[in-house]
Amino acid sequence: MGYSGFKVIKEGLFGQKGWKPVWRDPAPKAEYDVVIIGGGGHGLSTAYYLAKEHGITNVAVLEKGYIGGGNVGRNTTIVRANYMLPGNSEFYSHSLKLWEGMEQDLNYNTMMSQRGVMMLCHSDGQRDYFARRGNSMVNQGDDAELLTPEQVRAEAPMIDFDNVRFPIYGGLMHRRGGTARHDAVAWGYARGADTRGVDLIQNCEVTGIDIEGGVVRGVQTTRGAIRAKKVAIVVAGRSSQVAAMAGMRLPIESHVLQAFVSEGLKPIMPGVISFGMGHFYISQSDKGGLVFGGDLDFYASYAARGNLPMKEHVMDAAMTLMPSIGKAKVLRSWGGIMDMSPDGSPIIDKTDTEGLFLNCGWCYGGFKAVPGSGFSYAHLIATGQHHAPAARYRLDRFRTGAGLMDEEGTGSQHNLH
Amino acid sequence: MRLPCPICGERDRREFYYQGDAVALDRPARDAGGAAWDDYLHNRDNPAGETRDLWHHAAGCGAWIVVTRDTVTHAVSGAKLVGAKR
Amino acid sequence: MRVIKPTGTPLTFTFDGVQYRGVEGDTLASALLANGVKLVGRSFKYHRPRGIVTAGSEEPNALVTIGTGPSQEPNVRATTVQLFNGLEARSQNAWPSLKRDAMAVNDLAAPFLSAGFYYKTFMWPKAFWEKLYEPIIRRAAGLGALSGEANSDTYEKAFAHCDVLVIGAGPAGLMAALTAGRAGADVIVADEDAVMGGRLLAETFDVDGQAGADWAADAVAELAAMPNVRLMPRTTVTGAYDQGTFGALEEVSRHVPRSDAPRECFWRITAKRSILCAGALERPIAFPNNDRPGIMMASAVRAYLNRWGVAPGKAVTIFANNDDAHRTAVDLMDAGVKVAGVIDSRADVAALGDYPLYTSGAVIGTKGRHALDSITITHAGGTRELRTDCLAMSGGWNPTVHLTCHMNGRPQWDDAIQSFVPVEGAIPGMVVAGAANGQMSTAACLQSGAQAACAVATELGLSPVADVPSAEDDPYRIEPLWQVDGKGRKWIDFQNDVHVKDIKLSAQENFRSVEHMKRYTTQGMATDQGKSSNVVALAVLADATGRGIPETGTTTFRPPYVPVSIAAMGAGSQGHGFAPKRLTTSHHASVARGAPMIEAGLWYRPSYFPHPGEATWLESCNREVGYVRNAVGVCDVSTLGKIDIQGPDAAAFLDFVYCNTFSTLKENRVRYGLMLREDGHVMDDGTTARLGADHYVMTTTTAAAGQVMTHLDWVSQALRPDLDVRFASVTEQWAQFAVAGPQARELLNSVLDDAVDGDAWPFMSCGPVSIGGVKGRLFRISFSGEHAYELAVPSRYGASLFRLLTAQAEALGGGAYGMEALNVLRIEKGFITHAEIHGRVTAFDIGFDRMVSQKKDCVGNAASRRPGLLEAERPQLVGLKAVDPKDKITAGAHLFVEGADPVSANDQGYVSSVCWSPTLGSHIGLGFVADGPNRMGEHIVAVDHVRGVRTLVEVCHPVQFDPEGERTRG
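If you're matching them up, the sequences are chains W, F and E in order.
Under this note's numbering, the first residue of the first sequence carries the number 1, and numbering increases by one thereafter.
Under this note's numbering, the first residue of the second sequence carries the number 1, and numbering increases by one thereafter.
Under this note's numbering, the first residue of the third sequence carries the number 1, and numbering increases by one thereafter.
Just chain W, with the same shape it has in the complex (with noise of 0.2 Å):
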């Protein structure tokens, strides 16, 4: 069923009697091309690539609980192509270009606002550094501005300039970073790949993997068996515990990063704006709540809940870096578990196991991610080639130590990136 506002208007004068469900909820069949397990934002644009750009549609999503119950809906919403190193540019500047056609893709507003994402620096070495990282992604054909500390207070007036313990020397903008609003971003692909014929099948847990002689068969589940010619692993958080299933022990250690929101306020906060001297950043709804968060609580942890040493630093950075909010109030803080690799970067690959795939590591880069991943995943998946965007995201290059992309330097410790 299409949307448009002519749709929500002829529905308003009838009741809205008419809208469909949004996908259905069949039961799982005995056999699929291709079974994704993992329900998140990631899984579900997997199966809709796979559906749209290869025309692959006997595809089941196995999710354990809700569509989108995982980081998609769980995330602090930014969207941005403002890496630095080989690997990643090329793959970020692929999947901005596909969330800046999402909405009309998918036919679903999901909200993408490109209001920018503004990082601060403040020392000349910081600044150089993201002159750096700036060219990178210039020379990768997307937007960078190094702002000087002027330009920084007429995009935001709202940060402190005159006293501070850690002045500003300037920013990197990239303008066309932004935000989205997460659920509908999951939401709209799950619609796009139901319509297509995809399964998307919930409360079905994959308790096993059923492999013979190197070869993938199908899965094992609380629903029942699945046989499937293909299985791509997706489930980030699990990624640990599903890949175990197929005997595999990966370079990831699981973290909570803790996120907040505060009360709904009239606009103040213009785009994303990130402090470089502590672990916060700050963004503001549509709805009104300012939205932000800091770093990992650096412990491995499952909880999806934090502690108060990391909340109290991200509101310590907040007052030093803008005061002018202290009065906000926040509202709600929440956890997600993030898949830390060793080098900060994902892993897109195939396995040791024929049939098998592995998408994992998005440490806390996976929002911004959705459709890029899952097109390249997507695109493993059915011709068995890397992606381009994604050929550097492989599984080895921590044994061979060709190819990491370590974006924060801090080296193989997975909870320093």
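Think of the hints as simulated: they come from the structure by calculation, not from any bench.
It cannot be assumed that every hint is accurate.
Computed footprint of chain W on chain E; a stretch qualifies when at least three of its residues, placed anywhere within it, have a C-beta under 8 Å from a C-beta of chain W [stated by the list, open to error]:
(1) 139-153
(2) 376-385
(3) 401-415
(4) 561-567
(5) 710-719
(6) 829-841
Below, in silico cross-link-like pairs of lysine-lysine (DSSO-like), each with a Cα-Cα straight-line distance of 30 Å or less [what the hints assert, rightly or not]:
(7) E:Lys272 / E:Lys157
(8) F:Lys80 / E:Lys272
(9) W:Lys266 / E:Lys157
(10) E:Lys487 / W:Lys10
(11) W:Lys10 / E:Lys501
(12) E:Lys120 / W:Lys20
(13) W:Lys7 / E:Lys120
(14) E:Lys314 / W:Lys10
(15) W:Lys17 / E:Lys367
(16) E:Lys775 / E:Lys581
(17) E:Lys126 / W:Lys17
(18) W:Lys266 / E:Lys45
(19) W:Lys17 / E:Lys99
(20) W:Lys266 / E:Lys99
(21) W:Lys10 / E:Lys45
C-beta atoms are modelled at their ideal positions from N, C-alpha and C, and glycine is treated no differently.
Using the hints, position chains F and E against chain W.
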């Protein structure tokens, strides 16, 4: 969150630096080969449940400790110095 | 309307500019109701007129802005603001006025603005989202406004510890606190209200033969007298965290005009045990047009009446599905307020007094534009309209389970009370008592509070005694009633304007999971987080999807329980409070010389020392470089990390942490060391001096001093416990100064007690010296490529030594130099800093691969041998020189072969450091180029898109000045 430092007693999490899985204690020999080093540096059991991980009492006595902890409930069941017999 | 004469001091306040009177002890809400103000706000989406619904922190409607200027605080619940003289409150989200709000037009369009309508439209044309639709939506959205000015109030943070934290001071909490306190436990009692007592203040029950409020006052007095009990009124416990940690927000002086005390204090409370006595919250009933000002919770009507002497109406009606609400009628009548009728949904129920009772009844419609005028009801006898200006509703009570959910606990459905109750053990160490645990009578609350305290006190090794007073013990009888059919919208989430039809639509569109429903309709996402509405919404969803409520499940309550200001949780960090400042011993002298001090991590270091007549920093920098190249310069290098390392195995230890060898270093000699991370990349570099057979002193970079110390602890304790070595950071114990330049020795010999000469003090030597009788250390090392030393003295002599050295240097035609000159000097010599060793480079990348000794193991050795880290095509360190010396090179530029498009596919590397070299008369730099060592002499282009600079540069050896090192050794 609070952790039991074997030297100082129970202390706030703020006093500790976190490194990661206690597998880091089992350093391979220099010539153990690429796979062994890959396992040591990168690959993790990453259990959803009981784990042993490494913390440094950086703002306290300076001890590195192995904490036995549940990654789902955050319950802490014990801690000992890394030098203690494993 | 005030029906009981108040005893408190009269106060005046304003709401929307109109002055009103209240009394001490009022909340803003009680004072507004006393003045007959019913319309206090507008709803979020449809801008419908809304009034006060509750008497507590669960209030969804009565949000106001208080204060002006930087003290302006939006989204404050009128029900929790303690009234003070001069309080200025304003309504929000209405323009031009609360009564005549232009955005109320939204309500006319409501048929088209159903749940999630925005996902289905606003997509065309593509560019219109950011330019048209979104700006309109954003302007319309939001509740109150921030002032835009920096916070000017004081906030505070504090820690507290106790044996037992009692959360909530109603009958259960007070009883728990008394029992634990009398047993000798260290108790903290926290309650969100200014006055402790909870529902005892709002009801007319007796406890122990006296009025409940009086019993509560006596209990509070007894607790206040106990030295082991700390009472924290106006303190809301906002979150439950691991190992007995709680967050709590205390309103310290928000209610005190012009106070010097902090406005709020955010507490971190650590408790061995906790007792949750947070009570219960009454929930509304979803009947048609149930949102008019004047319709409120029955418990709130009793609270305003019994506690504040205020009747919210002249002719009150009551609509309920339980016995409890009948008390409202009795209390009102006792106070002389007319009760126009009690509509009870149950068939078999008797009146408690002389009021009209309508059994099997329901309210099916309401009227009144800005305040309630009348209601239409059905009942066993038919349909009729009742004139009423206040409708008290009660759909039953929801235990306040929120804190028990903060660690992922899921409450369970209890059929008897038709609500969710906490599961045991949801928070380790916490016991739940009273109404929060589903105990609904006063007697049961008192009893369970005492029991809980006995249980935890016993666990703590105390001997508690339960001494429980008598109180009412009426059964709590309720029949489920969630929604009433009828024409008109049946509101559930008052603030977010979610009504029954929205939830049904979400089910119709297959958003059947409770989480989907919440996210699709925004139910429970307003500032009250669905405190009173969530259970109703669940029941409606359960009905719409043909499931029971338990199967439908719940959403998750997450911290904080009430909204917490960022300023409170971030107290102390505004402005310079965010991070400590580290100052060198020469700081004040540098400032006195006019040096701009720049941040280097937590340290401040002088950028340059301006002289009169110098117009730019570059002129000063060039002069200072000249000091070092031509005479002598002095620079404070104390910020570098210094680690004293001693023990019989100190040498073996250093061999293990550095990739090169230190056991072969002779005493009184210094060696440059490169330290790797275990993953084979460079962690840090620095020089380490051997002061004795078993005694070294290591230097680290300023940035990595802490990381290296942690690393050494790790290696020593975890990887090499076999080595007998001890070390300590001595960074702050020693002030250290570089003395560099051709006349460095001459300067030194003018200050040292015993002169140094070239034979005894060759390059890379070190040893003890004496300056005016003070014992110091001298290292002949150089970060400038000149004949240079670093002289260290105990920190207390640092300031005077800096003065002495700079004075002597100036006498020799030199002087102090800052970070800018230091940077130029090191780039001319190809010395690296963290601009080069930025965490992604290996020893191979910086041309130091041969330093990684293969004769021994060290941290990072094995991983550094990975094939991918030794590929020739990796970007490797080179020097860069502008082909036209006047052409500026910029750091962060990327490098391209001449003629190649500056795009990613052609990227050859990047520039890491740049300077104008006054020595070489050229712009020069350091950078990384693919296969760099084999490209010496090649011309390449440095492209800096973001600065708009392109420079043709020559690839050269990193050491561009004095490549033979003659000046260093000379």
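ask   = Counting residues of the stretch 139-153 of chain E with a beta carbon closer than 8 Å to any beta carbon of chain W, are there 3 or more?
value = holds (count 13)
query = Is the straight-line distance between the alpha-carbon of Lys272 (chain E) and that of Lys157 (chain E) 30 Å or less?
reply = Judged against 30 Å, a Cα distance of about 21 Å means the pair holds.
task = For the pair supplied as a hint, Lys126 (chain E) and Lys17 (chain W), confirm whether the alpha-carbon distance does not exceed 30 Å.
result = Given that 30 Å is the threshold and the Cα spacing comes to 28 Å, the pair holds.
query = For the stretch 710-719 of chain E, do at least 3 residues have a Cβ located nearer than 8 Å to some Cβ of chain W?
reply = n = 0 at 8 Å, threshold three: violated.
message = Can you tell me if the stretch 829-841 of chain E counts as covered by chain W, using C-beta to C-beta distances under 8 Å and a minimum of three residues?
response = holds (count 5)
ask   = Between Lys80 (chain F) and Lys272 (chain E), does the CA-CA distance stay at or below 30 Å?
value = With Cα atoms ~22 Å apart, Lys80 (chain F) and Lys272 (chain E) stay inside 30 Å; holds.
request  = Sort out whether Lys99 (chain E) lies within 30 Å of Lys266 (chain W), counting only the CA atoms.
outcome  = holds, 20 Å
inquiry  = Run the distance test for Lys266 (chain W) versus Lys45 (chain E): straight-line Cα separation, threshold 30 Å.
reply    = holds, 14 Å
task = State whether the coverage of the stretch 376-385 of chain E by chain W holds or is violated, taking the criterion as 3 or more residues with Cβ-Cβ distances under 8 Å.
result = With 0 residues closer than 8 Å to chain W, the stretch 376-385 of chain E misses the three-residue bar; violated.
key: Agreement of Lys7 (chain W) and Lys120 (chain E) with the hint, judged by alpha carbon distance not exceeding 30 Å   = holds, 8 Å
ask   = Okay, the stretch 561-567 of chain E and chain W, do three or more residues pass the C-beta test at under 8 Å?
value = Coverage by chain W holds for the stretch 561-567 of chain E (5 residues, Cβ < 8 Å).
inquiry  = Tell me if the straight-line CA distance from Lys487 (chain E) to Lys10 (chain W) falls inside 30 Å.
reply    = holds, 21 Å
The earlier numbered hints that this structure contradicts are 2, 5, 14, 19.
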